[in-house]
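With chain W held as given, fit chain C onto it using these hints.
Number of protein chains: 2
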Amino acid sequence: MASGDSGKRKAVVLLSGGLDSATCLAIAANEGFQAHALTFRYGQRHQAEIEAARTIAGIYAAAGHDFFDIDLAQFGGSALTGDVAVPKDRSEADIADGIPVTYVPARNTVFLSLALARAETLAATEIFIGVNALDYSGYPDCRPEYIKAFQTLANLATKTGVEAAGGEGEGITLHAPLQDMTKAEIIRKGTGLGVDYSRTMSCYDPVLAPGQGNDGFVHCGHCDACQLRRKGFAEAGIDDPTVYAG
Amino acid sequence: MASGDSGKRKAVVLLSGGLDSATCLAIAANEGFQAHALTFRYGQRHQAEIEAARTIAGIYAAAGHDFFDIDLAQFGGSALTGDVAVPKDRSEADIADGIPVTYVPARNTVFLSLALARAETLAATEIFIGVNALDYSGYPDCRPEYIKAFQTLANLATKTGVEAAGGEGEGITLHAPLQDMTKAEIIRKGTGLGVDYSRTMSCYDPVLAPGQGNDGFVHCGHCDACQLRRKGFAEAGIDDPTVYAG
Chain W
1 MASGDSGKRK
11 AVVLLSGGLD
21 SATCLAIAAN
31 EGFQAHALTF
41 RYGQRHQAEI
51 EAARTIAGIY
61 AAAGHDFFDI
71 DLAQFGGSAL
81 TGDVAVPKDR
91 SEADIADGIP
101 VTYVPARNTV
111 FLSLALARAE
121 TLAATEIFIG
131 VNALDYSGYP
141 DCRPEYIKAF
151 QTLANLATKT
161 GVEAAGGEGE
171 GITLHAPLQD
181 MTKAEIIRKG
191 TGLGVDYSRT
201 MSCYDPVLAP
211 GQGNDGFVHC
221 GHCDACQLRR
231 KGFAEAGIDD
241 PTVYAG
Chain C
1001 MASGDSGKRK
1011 AVVLLSGGLD
1021 SATCLAIAAN
1031 EGFQAHALTF
1041 RYGQRHQAEI
1051 EAARTIAGIY
1061 AAAGHDFFDI
1071 DLAQFGGSAL
1081 TGDVAVPKDR
1091 SEADIADGIP
1101 VTYVPARNTV
1111 FLSLALARAE
1121 TLAATEIFIG
1131 VNALDYSGYP
1141 DCRPEYIKAF
1151 QTLANLATKT
1161 GVEAAGGEGE
1171 GITLHAPLQD
1181 MTKAEIIRKG
1191 TGLGVDYSRT
1201 MSCYDPVLAP
1211 GQGNDGFVHC
1221 GHCDACQLRR
1231 KGFAEAGIDD
1241 PTVYAG
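Chains as they are written, first to last, in our numbering: chain W, 1 to 246; chain C, 1001 to 1246.
Just chain W, same shape as in the assembly (with noise of 0.2 Å):
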């Protein structure tokens, strides 16, 4: 724990890595919660996004940080757990149309729920993640009514929720505070608060290159998580840390 936390509030905070998840820490710590990291490692392709986590989670200070092992894998299903080839230079309209290949079947519910059992033992108030409706329209449970629909679970699913009704405590709030923004907006946000982009991972698929990028491995630039990160750099007018295979 940070010294100096003890008197904050704590909220559990959904860390893959990535560009939003790291924004969305970087504001549960500006807006004076004592963070506490949580990363899954459930069986995606590369080590590569729960090293940035690691090294994202250290930067930002967070009170805690807690990798769960959960083998999403074992059921298959999807592209970001092996199952099929992670598309490359989509279309924007094709990245913006249906759900993708790489939709990993009801991982934000496993995730959410997991962050509502550690948000109960920690005596977290708050829970953060870092979907996002706009880029990610595709995703089922990155939309803003399942974020509601997931609240109202939470709310009746735990002993803190139930004492809350009860009038006692504060219960279990979800922020999603990326939800309606742009990836630019989501820059912007996190270029402010001082987040070093340089060392998020964001991409889907990505190329080893010993000495360079993340722990050696670089953003392949092809997949629609690249695109949306270099689209949204750009759309930004921020220039991209990023290091692209091409």
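Since the hints were derived computationally from the structure, they do not count as laboratory data. Possibly wrong hints are sitting among the right ones.
Taking lysine-lysine pairs in the DSBU-like style, the calculated list, with each CA pair at most 30 Å apart, reads [said to hold, decoys possible]:
hint, chain 1, residue 1, chain 2, residue 2
1, W, K159, C, K1088
2, W, K8, W, K159
3, W, K148, C, K1159
4, W, K159, C, K1231
5, C, K1148, W, K148
6, W, K88, C, K1159
7, C, K1159, W, K231
8, W, K8, W, K189
9, C, K1148, W, K159
10, W, K10, W, K148
11, C, K1008, C, K1159
Chain C stretches covered by chain W per the calculated footprint, using a threshold of three residues with CB under 8 Å from any CB of chain W [what the hints assert, rightly or not]:
hint, segment
12, 1067-1077
13, 1097-1109
14, 1138-1148
We treat Cβ as the ideally placed atom computed from N, Cα and C, and that holds for glycine.
Chain C only, in chain W's frame:
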């Protein structure tokens, strides 16, 4: 997959190895679903219930049986994951009052979210969970309003749910058939379906007894779950096949 099952609709059935979930599996099979059991190794104190789940899935010809490792003990906070002693010989009034120390933070939410992921990858249209609101009134995540909130979330969270909302496919329906039944009613129902309760394990704190019970473990006879089990058989007027240590 059991032969002749291929035309049936698929259901994911949460199977702990206890009396309730065994009954739930029998109900799902009896209703004509191709039942896929899902058992969590979540850091519970004893492996006896996991072995019971294996036996029961074998008996009731579940079309498949997944064991999923998820270390909820990493977060702590429950008697069931070893942080606190399991209470014994509590009165009926105490059992009915408040949230017990055997509550595992957000456990059913974590389990249901993983069942949702499994249902989606299996193309299952149903999830069965053996929660019961009468005997376990203290657990927030067994209440009808909780189950209803999870159904709402499931519809919004998944690709399957989004497709169903668009008129394609059926989505995923959550069933909690034991929800409003007393323990005696559950036992009568399961007995009618041929459930062999001697092979189930309800105990929060099983006792090693080589050569007896379930793979050498017997029920303690004194925890809340044992007391409710014993009382249920008595009220049902059905011989209790359970071996209790005391």
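May I ask which of the numbered hints given earlier this structure violates, with the numbers listed in increasing order? none
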